[in-house]
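**Q** The residues making up each chain are set out below.
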Amino acid sequence: MLFGKVAGTVVSTRKAESLEGLKLLLVRNVDVTGEVGKGYVVAADSVGAGLGEVVLYATGSSARQTDITNGKPVDAVVMGIVDTWDVDDKTVYTKYASAKTADV
Amino acid sequence: MLFGKVAGTVVSTRKAESLEGLKLLLVRNVDVTGEVGKGYVVAADSVGAGLGEVVLYATGSSARQTDITNGKPVDAVVMGIVDTWDVDDKTVYTKYASAKTADV
Amino acid sequence: MLFGKVAGTVVSTRKAESLEGLKLLLVRNVDVTGEVGKGYVVAADSVGAGLGEVVLYATGSSARQTDITNGKPVDAVVMGIVDTWDVDDKTVYTKYASAKTADV
Amino acid sequence: MLFGKVAGTVVSTRKAESLEGLKLLLVRNVDVTGEVGKGYVVAADSVGAGLGEVVLYATGSSARQTDITNGKPVDAVVMGIVDTWDVDDKTVYTKYASAKTADV
Amino acid sequence: MLFGKVAGTVVSTRKAESLEGLKLLLVRNVDVTGEVGKGYVVAADSVGAGLGEVVLYATGSSARQTDITNGKPVDAVVMGIVDTWDVDDKTVYTKYASAKTADV
Numbered sequence: 044m045l046f047g048k049v050a051g052t053v054v055s056t057r058k059a060e061s062l063e064g065l066k067l068l069l070v071r072n073v074d075v076t077g078e079v080g081k082g083y084v085v086a087a088d089s090v091g092a093g094l095g096e097v098v099l100y101a102t103g104s105s106a107r108q109t110d111i112t113n114g115k116p117v118d119a120v121v122m123g124i125v126d127t128w129d130v131d132d133k134t135v136y137t138k139y140a141s142a143k144t145a146d147v
Numbered sequence: 044m045l046f047g048k049v050a051g052t053v054v055s056t057r058k059a060e061s062l063e064g065l066k067l068l069l070v071r072n073v074d075v076t077g078e079v080g081k082g083y084v085v086a087a088d089s090v091g092a093g094l095g096e097v098v099l100y101a102t103g104s105s106a107r108q109t110d111i112t113n114g115k116p117v118d119a120v121v122m123g124i125v126d127t128w129d130v131d132d133k134t135v136y137t138k139y140a141s142a143k144t145a146d147v
Numbered sequence: 044m045l046f047g048k049v050a051g052t053v054v055s056t057r058k059a060e061s062l063e064g065l066k067l068l069l070v071r072n073v074d075v076t077g078e079v080g081k082g083y084v085v086a087a088d089s090v091g092a093g094l095g096e097v098v099l100y101a102t103g104s105s106a107r108q109t110d111i112t113n114g115k116p117v118d119a120v121v122m123g124i125v126d127t128w129d130v131d132d133k134t135v136y137t138k139y140a141s142a143k144t145a146d147v
Numbered sequence: 044m045l046f047g048k049v050a051g052t053v054v055s056t057r058k059a060e061s062l063e064g065l066k067l068l069l070v071r072n073v074d075v076t077g078e079v080g081k082g083y084v085v086a087a088d089s090v091g092a093g094l095g096e097v098v099l100y101a102t103g104s105s106a107r108q109t110d111i112t113n114g115k116p117v118d119a120v121v122m123g124i125v126d127t128w129d130v131d132d133k134t135v136y137t138k139y140a141s142a143k144t145a146d147v
Numbered sequence: 044m045l046f047g048k049v050a051g052t053v054v055s056t057r058k059a060e061s062l063e064g065l066k067l068l069l070v071r072n073v074d075v076t077g078e079v080g081k082g083y084v085v086a087a088d089s090v091g092a093g094l095g096e097v098v099l100y101a102t103g104s105s106a107r108q109t110d111i112t113n114g115k116p117v118d119a120v121v122m123g124i125v126d127t128w129d130v131d132d133k134t135v136y137t138k139y140a141s142a143k144t145a146d147v
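Residue numbers (our numbering), protein chains in the order written: chain S, 44 to 147; chain L, 44 to 147; chain Z, 44 to 147; chain H, 44 to 147; chain F, 44 to 147.
Hints listed in this document are in silico derivations from the structure and should not be mistaken for laboratory results. Incorrect hints may have been included.
Note that identical chains are pooled: a pair holds if it fits in a single copy or bridges any two copies.
When the alpha-carbon atoms are kept at most 35 Å apart in a straight line, the in silico DSBU-like pairs for lysine-lysine are as follows [said to hold, decoys possible]:
1) Lys138 - Lys81
2) Lys81 - Lys133
3) Lys138 - Lys66
4) Lys66 - Lys81
Hey, can you work out the whole structure from these sequences and the hints?
**A** As structure tokens, then:
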């Protein structure tokens, strides 16, 4: 899995029938330091992720191992919202960073 | 999934029998800002995409999860035509951009 | 799928038993303009492609969706010989280009 | 498989239900000489790897071939802790390098 | 498949149980001209490849299509030892190159 940041949504009216009802997120790559990169992926949303949230996404056949993506032509799925990660015992990212007073 | 722009079609007369009748599209990579890049993929068309349209395509085993690609040696499929996407609440791409008067 | 040019053949005497009888082609990458690049792949041949021919190849589990590769440790297969492709309504490649008088 | 170094852990509270109980490791890429690179992957832990350990991880559908990842939306798994590797008969990495007196 | 050169072996004592008995090879990438590159992969050995031999390896789910890797968390397998390959009718690599008198 890789980290990504939800940048927006993708609207597709004409599509494979099995994709009806799936929410498609535009997810930008995030590196190990938390920086957003140039790469992106369009992923099905299985966890109700919102704009700006940092998420985990899985690709390939693993992206079809959720109830909503099973058997569908989908090669990427957001399967977790990241609370925090650390590198060498230092917290690199926490979702509460930008709202310290209210949430922490 | 990734964004792509339909650049043309590919004709192959001598091919695996199971591919008979499949339409093969030449799809150029499109980045998150809507720019066409150097990369490309040849993908089976499952939605009737036309020249110049911006599409979504899936790769790997996920490309075989449509009625027309099931069980075939196909590793990329166009499974949606993109209407619009946004980045940080700004519309980056809309298929109606080049025909504002007539279509919007 | 991607375009490739058949550059040669690969001989392997000691190999997984299931690979007996498979023809292994050395295929060089071809970009969207028809130029041969540095990359390559070794692919099983399912269509009788010859030296110098421009082909389509599929990778991953999709490479096992032909009669000759089914259930074998093969991650790339040549599944079509390219006649022609076009970009924005201009023909970029045609297999008859080098033999215009005789074949067209 | 590739070598990686366990850099930390990833916490995700809101996630696909099937992921409950899985430990998610942040694994940084390690090259053939043992150097840590910029790349990373988030992988499920199937062997009880600890911070700083050099591990082997598998990706794609192969990452689901363990008891704890079977059928789950997981595309990377740590499936081995590396004791040692050599290149051209010279030991490049050994896990006992930093504790020679105590452990060897 | 890609060409690789067996650079050494990898020892992992603590690993997924299903991997017991598998020999893990460190394989360096080899380009189309026969040059060894910076990249590498750790692959299960299904053919008894020795140090310094040039091999073919397959990745992804295709790496599990051998008797010894079936159902295991392994994403790369050495499935052939290369005797020779040619590019445009010129032999680029032959395993007998370094022992011309004795073997050819």
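**Q** A separate judgement is required for each hint: does it hold in the structure or not?
**A** Taking the hints in turn, this is what the structure says about them:
Within a single copy, Lys138 and Lys81 get their C-alpha atoms as close as 21 Å, and across copies as close as 22 Å, so both meet the 35 Å cut-off. In this homomeric assembly, Lys81 and Lys133 come within 35 Å of each other (Cα to Cα) both inside a single copy, at 25 Å, and across copies, at 17 Å. Taking the closest pair of Cα atoms, Lys138 and Lys66 come within 35 Å of each other both inside a single copy (22 Å) and across two copies (19 Å). In the homo-oligomer, the alpha carbons of Lys66 and Lys81 lie at most 35 Å apart both inside one protomer (22 Å) and across protomers (29 Å), since each shortest distance falls under that limit.
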